[in-house]
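> Sequence:
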Amino acid sequence: MAYYRLLGEVPPTRHTQHRTPEGGLYYEELMGEEGFSADSSLLYHRHIPSAIVDAAPWQPPDQTRTPNAPLIPRHLRLHTLFGADDWAQADAVTGRRLILGNDDVRISYVAAGRPSELYRNGIGDECVYIESGSATLETVFGALEVATGDYAIIPRSTTHRWVPRGAEPLRAYAIEANSHIAPPRRYLSAYGQLLEHAPYCERDLRGPSAPLPAEGTDVDVLIKHRGNGPGGITGTRYTYPHHPFDVVGWDGCLYPYAFNIGDFQPITGRVHQPPPVHQVFAGTNFVICNFVPRKVDYHPLSIPVPYYHSNVDSDEVMFYCGGDYEARRGSGIGQGSVSLHPGGHSHGPQPGAYERSIGVQAFDELAVMVDTFRPLELGEGGAAAEDPGYAWTWSGRGPDR
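Per my numbering, residue 25 is the first one in the sequence shown, and the count goes up by one each step.
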């Protein structure tokens with residue numbers, strides 16, 4: 025995100041001496057993408073950021089995947105994955121359950137009531153959508169307050185932890201990339217400014233409030249990284265002699281930020297608009313879209329719900345997180361549901377929705393969609409939450425009838 029910020033104390037010239045009040049040196053760390061050829065930030069630590077005193081294996085949540093075979097559309101009820109006893113003991117990192125994934129992106133869900141340990145994803149950026157609840161996202165760059173409807177974008181290798189607030193669980197839908205996640209290129213100028221036709225702008229983005237200089241010794245950080253575990257993923261637990269949040273200041277264009285789905289300005293038209301108008305972020309081989317309450321088509325003969333369509337090049341995943349999704353009425357889908365419509369399957373509105381939508385002027389719906397350009401496989405959480413009758417809801421009959 026090429027949008028410059030400065031927080032705390034930094035020297036007037038980069039890569040020069042930055043002295044402590046006692047006369048010692050702060051330690052400058054460059055955190056950058058694509059080597060030294062893309063966005064970066066400079067962080068100033070009280071202690072050497074590379075110093076570790078121990079390393080041990082850590083096993084991330086189950087990353088096992090199974091193919092979507094036979095090839096069918098699927099409905100996953102995510103709210104069935106966490107009962108009251110489950111979320112009270114879960115945190116937003118180790119409590120995640122893998123729903124769907126491939127070699128480009130993994131989608132997990134968690135309901136959490138406990139603070140997580142310090143954590144760093146060394147594989148790719150994370151886009152975490154807050155379905156409900158609130159939390160403080162503490163990071164090496166500072167704190168972000170997030171709540172219902174917020175996306176939190178966390179760059180690769182950002183040390184952070186989740187601290188839920190309040191009596192209700194933090195329900196989070198985590199999209200983990202093997203790449204970076206950013207606004208679509210068509211929304212950006214050649215120099216990175218969000219353009220006039222973009223459905224949001226820099227005013228809508230919230231960065232960290234201030235550095236969180238922390239003290240402490242022998243501090244553990246969980247690191248997810250590439251390895252020989254399920255899905256090519258494994259983990260390591262580092263122990264640092266000093267707290268990683270010992271940053272007194274930083275500046276640059278790479279940092280975590282939040283964006284609320286309520287600030288997305290929907291793009292509408294005279295007839296039904298295709299999903300790219302709903303796009304909010306993009307990663308390598310996948311896109312993220314959101315469907316928000318909006319006025320719909322104003323052609324006198326329009327049919328506002330989507331036309332039937334074949335996903336020739338992509339799998340489509342829709343997370344239903346608010347309102348009433350007109351096209352899926354009668355399918356069993358509701359709040360907390362996920363639908364998977366795979367490439368090779370023609371899909372569209374449920375029976376009756378096509379006709380009912382005629383004359384409708386607005387939709388009150390809220391959903392987060394991920395389209396992938398390689399096939400998705402089921403994680404253990406997805407398999408555990410499946411509604412086995414969904415594939416037959418368009419015809420009204422299944423293989424056993």
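Since the hints were made in silico from the structure, they are not lab data. Glycine is no exception: its CB is placed at the ideal position from the N, C-alpha and C atoms. Be careful, since some hints might not be right.
[To be verified] Label pairs and their calculated CB-CB ranges:
1. Pro317 <-> Glu239: 42 to 48 Å
2. Arg261 <-> Arg294: 24 to 30 Å
3. Pro298 <-> Pro35: 48 to 54 Å
> The structure should be examined with respect to each hint, and the outcome stated for every one.
Here's how the hints hold up against the structure:
no. : hint                          : result
1   : Pro317 <-> Glu239: 42 to 48 Å : 46 Å, holds
2   : Arg261 <-> Arg294: 24 to 30 Å : 56 Å, violated
3   : Pro298 <-> Pro35: 48 to 54 Å  : 49 Å, holds
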